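Q: The lines below spell out each chain.
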Amino acid sequence: MQNKRAYVYGGLLLVLIAVPFALSEEPYLLAIINFTIVYAILCLGLNLILGYAGLLSLGHAAFYGIGAYATAILMARHGFGFLPALVISGLLALLMGFVLGLPTRKVRGDYFCLLTIAFGEIFRLVSQAWIDFTGGAMGIVGIPIPNVLGWQITSETDFYLLGMVLLLFTYVTLRMLIASKYGRAFIAIREDELAASVMGINTSSYKILIFSIGCFYAGLAGSYLAVYQTTVTPSNFRLEESCLMIIMVIVGGMGRLEATFAGVALMTIAIEFLRPFAEYRLLLIGAIMILVLLFRPQGVFGDSSFRD
Amino acid sequence: MVLLETKHVTKRFGGVTAVKSVSITVNQGEIVGMIGPNGSGKTSFVNLLSGIYKSDSGDIFFEGERITGLPSHLITQRGIARTFQNLRVFSNISVLDNLLIGRHCKINNSLLTVYLNPSASRRIEKDAEAVVRSLLEMVNLSSRGNDFARNLPYGSQRLLEICRALASEPKLLLLDEPCAGMNPSEVESLSAFLKILQKRGTTIFIIEHNIKFIMSIAERILVMNAGEKFREGVPRAIQNDPQVQKIYLGDEEES
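Chains A and B, in that order, are what the protein sequence lines are.
The first sequence maps to residues 1 to 308 in our numbering.
The second sequence maps to residues 1 to 255 in our numbering.
If we strip away everything but chain B, and leave its shape as in the complex, we get (with noise of 0.2 Å):
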C-alpha cells in the first residue's frame, strides 16, 4: 500500500530550482533512503514533505489524500512526523518535557476542560507522562527525563529528537541525517532501533551521509542530484551503479 506519493514536486528559489519535478512513492512499512550530494535537494524535499516550504508546483499525497500546501503542523496531526539536520531539541527544557511538547497534538485535553474540569485536565496530562516515560525507556534515557536536555551527549540528543517525532505517533517518520556527529557505536544502536520501530508498523524516511548505515537499513535508495531524482533502486544497485559512483566522487560538472 502507497503511504506517500509525490508527483513532480518543484520548489524554486528566485533562479535557483531546489527540487525539480520529484516523483516518489513510500510503500506502508518501508525504510526507505535518500542520499545525493551536498546542495541536491534532499533537505528541500523534507521541507516539502512536512510543511515547511510550499512547492511551487506538483502534489503530495498523503493515505490518499492530497496534502499540498497544508502547513505544518497539520501536517504532523496527519501523522507525519520529522527530525532537523542540524538538531533542534528544546534545549533549554527537560528532557520529559521535549517529549510531551512532541506529543502535543495526541494530548486530547481542551481550555474548556483546563478551566472548568481541573483534575480531569490533571489526569490527561499524567497519561501523556506516562506514555512519554516508556518511550524514554526504549532508548535508555529514563533516568534522564528531568535533565535539562542540552546536559545529554550529542548521541542522547539526537535519539531525543526522534523519540520526541514518535511521540506524535506517526505513520510516517521523515529523518534529516540522523546519524550526523554520531561515533559509530551510536550508529549501531541507532539502527537497530528504526529497525523496531519498523516492526512495530513505522515508515520510515531517511536522508543519511553515511553511506554504510543507509546501504544495511535501507529498502529502497532515491538518488538526488541537482534537485532531481537521479536513481532509484535496491542497495546493492545503487551501489554498483557507475553514474551514482560519479556524482558522489564529483567530476566536472559537479564542481
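Looking at chain A on its own, in the form it has when it is part of the complex (with noise of 0.2 Å):
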C-alpha cells in the first residue's frame, strides 16, 4: 500500500517535470501554465481562508501585491538576491495579514468582507499615487534575473520548475497544518463558532492566524510573479483578480486543497477558451459561477458534506 502511493507521487512528480521540456516550442502554453502556478499557489492560500475558516476575503489581490511590490522594491532598487526578498516578502504579506486580521475579532460576515474590499482599493489607490515609493500606474520595471543557489532562472522552463517548487512548498506546509489540531479547530470555527469556543479554541486568535498565513502565500506568489514578469504594475492587482480567486476556490471546492487545482485549471482553460468574446468573457465566466453554484454548491470537486 505504501509502495503503491509512492509510485504514483514519484510518476507524478516525474510527469511534472517533463512538462516543460516536453512544451519547449510552446512558450505560449508554458506561460499560461507558470501563470497558473501563481493562482494556485494564491489560491491555496484563500482557500484556507475561505474554505476551512469561513472568511470571505475580497482583499486577496493586495497581498498579493504586496508581496509583488516588495520583491520588486528590494531586488530592482536595493540589491537584494531574490532567496531573501522571497521569504522577506512572504513575510511582509503574513504581517499585513495579521493586521488587516485583528478587526475579525470584533467585526464579522459581510462586514469583515467589507473591510477587504476596502483593503485591497487603499493598497491599489495607494500603488498608483505613491510614485516615488511604486512607480504609480507605469509601475516598477527591470526587475533582475533571479538566482537561486547559482541557478540562473530565464528561460520559461526556468521559470515552470521554480513555481512548482514553491506550489509544492505551498502544498505540503498547508497539508501538515491541516492535518493537525490547527486544521481542525478552523474547521469547527467556520462550523460553529459557539460551540468551538467551547471547544477551548481561542477563536478570534484562530482566525487572525488562519488569516496570516493564507496571506503569506499570497506574498510568495506575488515575489514570483515579480520575478517572472520583471515589472509590477497596480493593474495586476485589482478587485477583479480577487474576484477570481474567490471563483476558482468556489469552483474547486472549498475546504478541499486538492480541489482547489481543479478549480484554477477549470478556470484558466475557461478563460483562455473564452478570449475571442473579448468583454464577454467576465459575463461567462459569472455565468459559470452561476451554474456551479446552481448545481455544485460545494464545488466540481469539492467534499460532498460542505453544503453552506
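Read the hints as simulated data drawn from the structure, not as lab findings.
Mixed in with the good hints there might be a few duds.
[Claimed, not checked] No farther apart than 27 Å at their CA atoms in a straight line, the calculated lysine-lysine pairs in the BS3-like style are these:
1) B:Lys54 <-> A:Lys106
2) B:Lys171 <-> B:Lys199
3) B:Lys199 <-> B:Lys106
4) B:Lys7 <-> B:Lys54
5) B:Lys126 <-> A:Lys4
6) B:Lys246 <-> B:Lys199
[To be verified] Residues from chain A that keep clear of chain B, each with C-beta distances beyond 12 Å, as calculated:
7) Leu13
8) Phe80
9) Phe112
10) Leu149
11) Gln152
12) Thr173
13) Ser180
14) Lys181
15) Ala195
As the structure is a computational prediction, the values presented were derived from the model and not from experiment.
By construction, the Cβ of each residue, glycine as well, lies at the ideal position given by its N, Cα and C atoms.
Join these two chains into a complex; the hints should help.
A: Right, here's the structure in full:
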C-alpha cells in the first residue's frame, strides 16, 4: 500500500518535471501554465481562509501585490537576491494579514468582507498614487533575473520549475497544518463558532492566525510574479483579480486543498477558450460560477459534506 | 470538597433579569440536577458558568479560583465542558473529527512542531485519535467513527456531544437537557453512562425536564424559578414539596 502510493507520487512528479521539456516549443502554453501555478499558490492560501475558516476575503490581490512590490523594490532598487526577497515578501504579507485580521475579533461576516474590499482598493490606490515609492501606474520595471543558489532563472522552463517548487512547498506546508489540531480548529470555527469556543478553541486568535497564514502564500506568489514578469504594475492587483481567485476556489471546492487545483485549472482553461469573446468573457465566467453554485454548490471537486 | 461555587451571580438582559443573585455549590464527584419551568434561567445560568455570558454581578469560583468573566475557551481549558440544549455537534464532519475537536486543548501540539517536526506532530495527532476512539467504544459507536455526525440517529448525536465534551477530560461536565428528544431506552443507557462517568470521578451538573430521569440520577436538586434559586434539596424532598409542584403545574403568578 505504502509502496503503491510512493510509485504514484513518483510518477506524478516525473510527469510534472517532464512537462516543460515537452512543451519547450510552445512558450505561450508554458507561460499560461506558469500563471496557473501562481493562481494555484494564491488560491490554496485563499482556500485556507475561505474554505476552512469561512472568512470571505475580497482583498487577496492586495497581499499578492504586497509580495510583488516588496520583491520588486528590494531586488530592483536595493540589490537583494531573490531568496531573501522571497522570504521578506512572504513575511510582509503575513504581517499585513495579521494587521487586517485583527478586526475579525469584533467585525464578522459581511462587514469583514467589506473591510477586505476596502483594503484591496486602498492598496491599489496607494500603489498608483505613491509614484516615488511604487512607480505609480507605470509600476516598477527592470527587476533583475533571479538567481537561486547559482541557478539563473531565465527561460519559461526555469520559471516553471521554480513555480513548481513554490507550489509544492505551499501544498505540503498547508497539508501539515490542516492535518493537525489547528486544521480541525479552523473547520470547527467555520461550522459553529460558539461551539468551537466551548471546545477550548481561542476563536479570535485562530481567525487572525489563519488569515495571516493564508496571506503569507499570497506574498510568495507575488514575489514569483515580480521576477517572472520583470515588471510590477497596479493593474495586476485589482479587485477583479481577488474575485477571480474567489471564483477559482468556489468552483474547485471550498475546504479541500486538492479541489483548488481543479478549480484553478478549469477556470484558466475557460478564460483561455473565452478569449475570443473579448468583453463578454467576464459575463460568461460569471455564468459558469452561477451554474456551479446552482448544480454543485460544494464545488466541482468539493467535499459533499460542505453544504453552506 | 467544593469544586464549583457561585456567589450572587446575576445576569440582566435589558429590563429582564434572567439570573437573579444565584448562589450554589457543587461538590467534587457529585451529580447535581437543576430543574425549573421554561424561562426560569437555567440555560442562562449554564451560559454564565461556561463563559458564554458575562455576569453583571456576582462571582464564580472553580477549584477555589475566580473564573468570573473568563472567555469560554479558557474556562474549558480549566476543566469545565458542556453540551447544548439544542444539540450543537459539528454535523458536516466525521464523528472522529468531532471528538478530536473536543480534545483540542489536550492535544499538546504547537505550530513549531507542526512545521519543524512533522513526524512528532503526526505522532501526537495519532495518540489523540487513539484516546477519542476509546471514548467512542464507551458509548458503542466505534463502528461509526468515519460517518458524518449528521448521519447518526438523534440519540447517538446526543451521546456524541457528551463524548465531545468528555474528550477535553473535564473535571466538571455541564449537560443542558441531555434527554431532550431521546426515547426511554436511550434515556436509560444515558443514565447508566453518566453513572459510570461519576465513578470515574467526573462531577456532573444537569439541567433536565425529564423529572423521572433527574430524580433517579441526581443526588441533589436545585429548583429555579423566575431567575432565582427557589429550592435546593435531595430528590425526595423536592418531589414532595408543594411549592415546587405549584410552580411546575403553573398558577396565576406564573402564567
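Q: Which numbered hints turn out to be false for this structure?
A: 6, 12, 13, 14 and 15
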